[in-house]
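**Student:** Based on the hints, put chains B and C in the right spot on chain A.
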Amino acid sequence: MSKNKELISKIGLRLDGRRANELRRIRCKLGVFTEPDGSAYIEQGLTKVLAAVYGPHEVRGGRSKAQHNSAIINCQFSMAVFSTTERKKRPRGDRKSTELSMHLQQALEAAIKSELYPFCQIDVYVEVLHADGGIYPACVNAATLALIDAGIPLKEYVCACTASLANNDIPMLDISHQEEVLGGPTLTVAALPMSGKIVLMEMSQRFHLDHLDKVLEKALQGCKDIKEILDNAVRLHVTDIGSSTGWANTKH
Amino acid sequence: MFTTKAFIKKSKIGHFLKNVREHYIRDDIFCGVPSCETCHPVESHLSSTYKNVCCLFKYNHYLILDTNVILDQMDVLDEPILENIIILHTVLKEVKHRSLPIYKRLQSIIDNPSRHFYVFTNDHHKDTYVKQDDKELINDYNDRLIRKSCSWYMKHLPGEIFVLLSNDAKNRAIALAEGIPTLTIKDYIESVKDNSVLLDKLAKKDIHVETYTKDIFPPHLSNVELLTGVKNGKLHQGTFRASKDNFLEGFVNVDSLEDPVLVQGRSGLNRAVNGDIVVVEIFDKKEWVSPSDIVLEDEGVAEEGIDEIELKERELKRSKKIKEEIKPTGKVVGIIRRKWRQYCGILQGGMDGVYQLFVPSDRSIPKIRIETRQADFLRTQKLIVTIDSWPRHSRYPHGHFVRALGKIGDQTTENEVVLLEHDVPHSQFSEEVLACLPKLPWIITEKDVKKRVDIRHLDICSVDPPGCTDIDDALHCRPIGNDGFEVGVHIADVAHFIRPGTAIDKEAASRATTVYLVNKRIDMVPELLSSNLCSLRGGEERFAFSCVWEMDANANILNTRFHKSIIKSKASFTYEEAQMTIDDKSKNDPIAMSLRGLNKLAKILKKRRLENGALVLASPEVKIHMDSETMEPLDVEVKKLFETNSMVEEFMLLANISVAEKILDEFPECAMLRRHPTPPSTNFDPLIKAGRHLGLDINVECGKNLAQSLDEATKPENPYLNTMLRILATRCMLQAVYFASGTLQKEEYYHYGLAVPLYTHFTSPIRRYADIIVHRLLAVTCGADSTYPDLLDKQKSTELCQNLNYRNRMAQYAGRASVAFNTHLFFKGKLQDEEGYVLHIRKNALQILIPKYGLECTLYLAKKGESSNIFEYNEEEQSQKAGNITLHAFDPVKVRLSLDSNNIQHEKFVLQLVSPYIEGFSVQPLGESMEVDPDKPASEKKRKSKSESHVKNKKKN
Amino acid sequence: MSKNIQIRLASQRINTSVPGNQRYPKIFTPGQVITAQNEFMRGHGTYEENGELKASVAGVREQVNNLISIRPLKSRYNGEIGDVVVGRITEVQQKRWKVDTNSRLDSALLLSSVNLPGGELRRRSVEDEHMMRQFLQEGDLISAEVQNVYSDGSLSLHTRSLRYGKLGQGVLVKVFPSLIKRSKTHFHNLPVGASIILGNNGLIWICTSINNSEESVGGFVQNLEEVVPRQERETICRIRNCILALTQSKMMLYDTSILYAYEESLKYSVAELLIPEAMLDIAILTQQRLTMLENA
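Chains as they are written, first to last, in UniProt numbering: chain A, 1 to 252; chain B, 1 to 957; chain C, 1 to 296.
Hints are supplied without guarantee of correctness; some may be wrong.
Below, simulated DSS-like cross-link-like pairs (lysine-lysine); rule was C-alpha separation at most 27 Å, straight line [what the hints assert, rightly or not]:
1. A:K10 <-> B:K689
2. B:K796 <-> A:K10
3. A:K214 <-> B:K506
4. A:K214 <-> B:K796
5. C:K26 <-> A:K155
6. A:K113 <-> C:K184
7. A:K96 <-> B:K506
8. C:K174 <-> A:K29
It is worth saying that the hints were derived from the structure and are not from the lab.
Here chain A stands alone, though its shape is the one from the complex (with noise of 0.2 Å):
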């Protein structure tokens, strides 16, 4: 496991330069695409994602799995072969895969106002295109931007962030990938920011619990730091349609 190294310097300082508490550098993007309702671009660090939304939309392949209160949220998380150092041998459909289509399908439920669309259906697909650390968090983010660029209500955004304990001492925020390998167990968790309601919690292995507390407050403060950073490029991508469009159809 961890080689013993120091993941905090004793200036402070990240093996990438960062502060404990600084997240990884955000960059995202509204409406890559066309052809689906909604879909985001998202870059934190080195990780990059692509979420694209479809829907809400009839339920296909066979009425029964409609739901007669509310919407089926279907997730498919991928990951490029060449997305990891060393090449995958298949992009989705393994466990990992499976497992983390999951999670994020137990993360947007909680967020996505699905009793709006009965007998609808809702389909998310992220895509990994580089993985640094991080990887879901990243999917979350990058579908909750691709679900408000749907129109798809939702109760408020979700967002994801990962924290660990760095010399098994001080917390630290959104690890990259190079600090999972070294360091000691990740704590992923999804919120819901304004509300701090957390809809889902892993941990990579097991820490004292101790050192819970002050680690999940760490990552509740980076989800709470990345709404803030999500909902500016929102804004922004609202703001450029509205303007394109010369805010028609609108009423006021």
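**Tutor:** For chains B and C alone, kept in the frame of chain A given last:
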């Protein structure tokens, strides 16, 4: 707040992989110079008041160091003379990459505020970060980064002077061209005031002495050649282990080979130093030889003379070729990594001038040539020296003086040496640690009573060796029910005082164990705890952790429980007193009854344990009586053993086993256990061989068989034989080690010596840190305490175990070294005839064990380099024959014992055979020897006079 | 053909936005509190939590009396009665077709809402039910009008007017529904020799000019044999590419904007119109002309 930049790194792991990592460049990194007004003040040790004085610069200046300066001249930096030093982060990283020990030393200097060091994170600073160019070598890139930072500092603070110290001529040249003031460390130090201390410490790496003498050693292959050689299987990489007896011989342990590779001679060893990771080339099978069984010592005095060495090489060549014992033989062709450390030793006398030879006390390390201007003073001192380099033309490695420890032969100095050589942390406890101690007077509060089981009323007593102040165990036994007993083992509750994570806890974890020297005890915890609050002294109320069994009369455990308790020991006995109490039939008080009950149960337990295959091993342990005033040893004797010793031992074992089961049950992943690995069968070869010569069959298949064969291996004519065999058996064993349960398979938990599947250490928390951890674990299982993160962290536990194992081993060695030193001291100026036994037969010597003093010495049968004309060595039978007397292993002998103080560093015992009497070799018994003509050449050793009571070893030079 | 393929790095992409209108209404994003007063009614795109009215989509606020709603600028098509839509048959059921209209549920086209050959007043017989697949089968494109909106949000369509019906040869373009400007008519016969149907649901149909008042086109006839001359095909493609250009810059689509874009595009060849810079150029020029028109 920060800008980002991604950069690409390529690394090879098997095949080419492209690693892309982020690299954030910040604008919130500051220069750390106190006089700077533009930067945010940051925590920086740089001082505006401290001034570096160097006559080359008129003004105060700050120093910026190149990596090579730090790597080569760490000892100079250790001296608190150079200060106000800016360490660049890239340099720090490179140092860490190149040498972890130096990095640690540097880190401790950086942390010391009085040294005024500052780490400038240049690689994340927006102005000092530069991108590595394509095809730029990493070294050039690092140098460029350093220069960039220097120029940035100069531009940033035009009012201050920054000097770059570098030993790299190219770097210096470019720096000068860029207008950066730069010097070599040598030039700089030579212009520093009061530099004599520093000059001695200057490593001699960069000094190239042009000599026209022929090279003494063959050159090493280049790194590329080594790596390709290892890769295609022509060469082998391994750790070099020098022989302690023969300076021209050593072994290389190669992972891929079963047998270690033998290397011999000057060119065979080729400048490898004990511990180095080297590459060897293995010869053809026909050139393989057997390890020599002669003892060779480096007696070289002359600095570069190699005649003598060549002589010895020839001697070495003559003395071998035993078909059956040939080993893979090879030669060292290159060195992958040096494992040089600091060595303790003395200067070899008889040399003038600034160049001196340093003789390390560790015999597996070659002598080291150092340069000093204070040789006269240093000759009286024990020194610490480190190796810098070993050029081809030099017979000895070059090194430099680090520090002096004290006067040679002084008790305190020798203790210091023992402690240093064995890496025992022995400084005073820091203020921070002492602050963790409870305030006196210490009283037991209501709250404490509530949390604990109050068993102050029980008749508990402790049994320990005389003079023991750190009593960590006490016992009780009382009858319950029909014919059952309740037996309790009460262990000092040290964990109550040492809370996890506190300074005292960290200190104890680092010390790991209390180290017992003959006249000194290096405590693991401060004395207040070890000898007072935790010590279960008689008549005092103390906190304890109790392990209580209900047993039937046959010592079968019916029920076990653990709880924290308050006890009041009724008495502290010594083993002897306890024995007397048991034996004294007239005493019938509860304590005596309790002891008798314990004794009875212990015997049953012991019997059962031995039946299960537990080994009874022996090692000669001695006790040295010290004069309390002069601190000189008065007498040396073997420790006496009473029945009560074994009584206490049995219950401690039982407690440890019970606790081990309990904590493993609760913490399958992170319980701290102790295992004793089953030794590989080859380890037993010497034992089997020895047994065969005596006509005894030693079965080593499993522990039980071994125990049985050892029990049966007796001969009426030699009562000590059995003990000798047990001593030999002990030496075949592996070390028992601590481990975290999650790291191994269940089968590997086995304790071979005790023949139990599970074992741990619970009973001595005052002197062993492992026990404290076990206490904490156990406290959790019985709800008395809560866990904390590190306790349950498998990784951290493993790291802790490694430290504990290391420290324990070292503590053991240190203890032995201390006994050896004091035994020497005791024999200084004495001459005695003693009973002894032959332990091994060598070609030119006999190994003799003297049980009375627990000594093992060598009796030379012939002069060095010559074979004896009196004795006939029989390889097959392992015997030496002289006339009609044949000496076999285990034969009793009588020898005369004296101390050779010729070599003040390695005083050694000199033996002379007294009986059996062999004409022309043995000496008369002591009473009669007075009449013997002192000049009669009885052996190679010659007594000089009667009044001078020690014997001098005649040496060739 | 393949020599003109352009692939460019993401970093070299151009910014396609053509900010025309500088007034910025307040934008709400999901979870944002719209008002804490509770006298308002919650409309689409809002929800109530803890007595506060919050937005559930990112968009602008619209208020009708007490009803507050947030309208996302981009979403699936929400049908309204009278909308013209273009859709594709997905399923043939008993007495009705299912039509994908880019709405959240498939729309229904009842057998009773179509004009069957043989007059409006013809009785629908069982034979007609058996014949349904011969009128329209899976995959066929139709234009239709929204007749009704059901409670679950799905639409009922009709093709009673002869303007509606099965679509023949032409090109379908899909854009976001919100880009289609609502206007009186969504059928345009552009003077350049093509006609377009701007479906409110974001599907745009471009075909050759429909000969005026040839009313019999509506219905279920599809002439795939007829060869459309190359020139007309180019015109259709040009219109299609112009629409893409405007879409890329998220400009509203209506007859004027498309016509202007078409006129501005004439300096490029049809294929060149797929180069992002050219598309942006057209979008900007069109935007300028529209602004001039607005200000005039």
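**Student:** A separate judgement is required for each hint: does it hold in the structure or not?
**Tutor:** Right, here's what the structure says about each hint:
no. : hint              : result
1   : A:K10 <-> B:K689  : 57 Å, violated
2   : B:K796 <-> A:K10  : 20 Å, holds
3   : A:K214 <-> B:K506 : 23 Å, holds
4   : A:K214 <-> B:K796 : 20 Å, holds
5   : C:K26 <-> A:K155  : 19 Å, holds
6   : A:K113 <-> C:K184 : 34 Å, violated
7   : A:K96 <-> B:K506  : 40 Å, violated
8   : C:K174 <-> A:K29  : 21 Å, holds
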